[in-house]
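*Asks:* Sequence:
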Amino acid sequence: MVETGPVAPVLSTPMQVGECPLWHPQQQVLYWVDIPARQVHQFDPATCLHQYWTMPSDAAALAWVQDGLIVALRSGFVHLHTASGAQCGQITPIANVPYDTSKIRCNDGKVDALGRFWVGTLYEPRDLQAAEMLCLERGQVRQVWQGGMTVSNGLAFATDGHTLFHADTTSHQIRRHAFDLALGAVGPAQLLRQFSTVKDAHYAGRPDGAAIDSEGAYWCAMMEGGCLLRLAPDGSTLQQFDLPLRCPTMLAFGGTDFKTLYITSIGQNRPAAELAQFPLTGCVLTMQVSVAGRAEPAYLA
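Position in the sequence shown (from 1) plus 40 gives the number in this note's numbering.
Because the hints were derived from the structure by calculation, they are not lab data. Please read all numbers here as calculations on a predicted model, not as lab measurements.
Below, in silico cross-link-like pairs of lysine to aspartate or glutamate (DMTMM-like), each with a Cα-Cα straight-line distance of 25 Å or less:
#, residue 1, residue 2
1, K239, E264
2, K299, E43
3, K299, D274
4, K239, D282
5, K143, D167
6, K299, D152
7, K239, E314
8, K143, E164
9, K239, E164
10, K299, D84
11, K299, D200
12, K239, D167
13, K299, D282
14, K299, D253
15, K299, E255
Pair by pair, the computed Cβ-Cβ distance ranges are:
#, residue 1, residue 2, range
16, V42, T296, 13 to 21 Å
17, A313, Q279, 22 to 30 Å
18, L340, Q183, 16 to 24 Å
Using N, Cα and C, we set each Cβ at its ideal position, and we do this for glycine too.
Modelling step: build the complete structure from the supplied sequences, incorporating the hints.
*Replies:* Okay, here's the thing in structure tokens:
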């Protein structure tokens, strides 16, 4: 049983669409994005310093490198050199994206154990399963698959390196794929968990971003479910952690011992009644947990 401490905001400033929290293990700081604001944020828990960088297009997924970040934008992948400080970080283009940027943008992403950056996309009309899975490897982008999903989320790699977990938020599904780490090859999808799509009084939300802890459990943010779920490798619920907001988007383990959990959320276009009931809506939250997470691998250029 995982024990947790109290939930508290990292900042009192809400994000429009806070996403992709990422702990930088060398810099010992937290990064995340506000997608429509086109911002990459940084918070140093040792000094409480908060700063951000404005990107040339919607910022989505993040991967860390020694001197900063690789950022998956709507328009492509870039290297953000954060050492120069807020607002003046140098941005170096890496690769364009192979999709129609008027309808599709990058969304959720994670790096595998060999340094490849996997990023799923979001098909914005949301009337077709036309999202894609991309992989940035040594500066080159390849399309891994197309279709079968509308809003790609929940990317995570099992501790043994042989399974890729993935969610399609629109269909309320979490899936698993056999993964060949050496080749960077992905097998067919297998359904891990199907959540109800009926938005009635018992609606429990839909799967969004995720992370794997050191015991191999899959933690998932439940959008409009107001909670995090800790799932076993077979998809069954080990624990549920309720949050003081309805729309968590993703989580990340951080801190020196990786027992600090950071959770992003959505503040944009939420109903007035919800904002009144949950004043932390849109904020980045933190809480202590008794099980450690893992350091995310660095992207290898």
